[in-house]
Amino acid sequence: MLDSLGLLGFGDGGWAEALLSAALVTLLLSIAGFMVGSVIGALAASARVSGSRPLGLLADAYSTVFRGVPDLLTIYLLYFGGSMALTAVGHWFGAEGFVGLPAFATGTTAIGIISGAYQAEVFRGAYIAIDRGQIEAARAYGMPPALMLRRVIAPQLMRHAIPGLGNGWQLVLKDSALISVIGLVELMRQAQIGAGSTREPFLFYTAAAALYLAIASTTGLLFKRAERRALRGFRRV
Amino acid sequence: MDFAFFAEIVPKLLAGLPLTLELAGTSILLGGILALTLALAQRLRQPWIDWPIRGFVALFRGTPLLVQIFLIYYGLGQFRLTLQELGLWGLFREPYWCAILALTLNTTAYGSEILRGAMQSVPIGQIEAAQAFGMTRLMTLRRIVLPIALRQALPSYGNEIILMVKGTSLASIVTLMEVTGIAQGIISQTYRAVEVFVCAGAIYLILNFIITRTLGRLEHNLSRHLRPASGFATSPT
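Taken in order, these protein sequences are the chains called V and P. Residue 113 in the numbering used here sits at position 113 of the first sequence, with consecutive numbering throughout. Residue 1058 in the numbering used here sits at position 58 of the second sequence, with consecutive numbering throughout.
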């Protein structure tokens, strides 16, 4: 066991570079997926609070479905469904055979859709928590909606949303491991490759777990700092 | 809409439901007992108890469930000889028991934090009143702290149960043919991702709906004393 630790070193026969660059892919995939999720989540939340009944129901159905269905199933839907659609389009243009989707883009979309359902709830809760008087005051000043969003709603919304977004980020980071099933070489997949070719699964999955923990705790601190910053103008109760 | 196809795949998918329920039920039950044990142990405020528990919780909450399953199933498989000597190889050889172990430990980590938080939120006045009555610590725990804390924990624990039901889908990656595993099999045979997603997703959504409703009813019944007396009673729906 101890002699096999060399496998995690740098240089010849060491897997450190491979694991670290895979961890970087995990980080980039999670950031991209989280950002897509923020956009979808913000749109879904604004649909929920818009007062429009069809839009609200649609957004409600979206977040109920994708929070209730296993993430793995959503990933399969996007990967296989997307590839089928692409193959069909390819056929019209004369391409032969099965066209696979690029794994990083599919992974980002899948994580974005899953996380968006979660973030929609976070944003909606944060919007509801804003004091109505603030919005009325902004209207009374004659602020156009875009200005009101930027100066009044967004800063206060973020204050309420950051803790929830921090949770959402941790979920995204852990969900990103599932993207390994569609063949993207991120941390989980790289650990599988290492485990398979060296026959040291325990070592490689422990290393992967340690790297996930490291990413989770460092980024967790960043969210804590953002939370403090967003709260700097408020008295702590 | 191809109803014949739906009629064909629904029974196939439902055949995986018992396994999904078994995995979820066993791990939620065992995990619940362990979580309560850990939460109670932390009330003793002994550093030598607290630190290992905190480490365990951080480890299982900070790493993806998939890594945990692989670490237990493939990683521990490397120690076959030791496990054989201990007579545990029979368990660790089976993906079924490895999945249950991983799911159980995972939900133990999350559940213990939920229960610990709920016990902390029991108003101190309640405990002081119990002491003033001369109740022993054990009786205070049984009559005052646990009933209040468990009721308080119910909504968060409900979320955790839903997450576990969704989490059982990862067992399909270690070859267990529960609902998601069967869904993936049908998708890769027929390439009809959308139809399969709709059916498999509906099974999970119905399951989660039943769980949410049951827990909602339980919560309603447990908080009867917090509502106005008869005449104002509201139904749970």
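Treat the hints with caution; some may be incorrect.
If you want the footprint, here are the derived chain P segments under chain V, 3+ residues with CB under 8 Å [claimed, not checked]:
| # | stretch |
| --- | --- |
| 1 | 1040–1051 |
| 2 | 1064–1071 |
Facing chain P, according to a computed beta carbon distance under 7 Å, are these residues of chain V, among others [unchecked claim]:
| # | residue |
| --- | --- |
| 3 | TYR76 |
| 4 | ALA85 |
| 5 | TRP92 |
| 6 | PHE93 |
| 7 | GLY97 |
| 8 | LEU171 |
| 9 | LYS174 |
| 10 | LEU213 |
Cβ pair distances, simulated, as ranges [as the list claims (entries may be wrong)]:
| # | chain 1 | residue 1 | chain 2 | residue 2 | range |
| --- | --- | --- | --- | --- | --- |
| 11 | P | HIS1220 | V | LEU43 | 29 to 35 Å |
| 12 | V | VAL99 | P | LEU1029 | 18 to 24 Å |
| 13 | V | LEU213 | P | ARG1043 | 24 to 30 Å |
| 14 | V | SER217 | P | THR1175 | 41 to 47 Å |
| 15 | V | ALA137 | P | LEU1029 | 51 to 57 Å |
Because the hints were derived from the structure by calculation, they are not lab data. A virtual CB, placed ideally from N, CA and C, is assigned to each residue, including glycine.
For this session: Hints the structure violates: just list their numbers, smallest first.
Result: Going through the list in order, the structure violates hints 1, 4, 5, 6, 7, 8, 12, 14 and respects the others.
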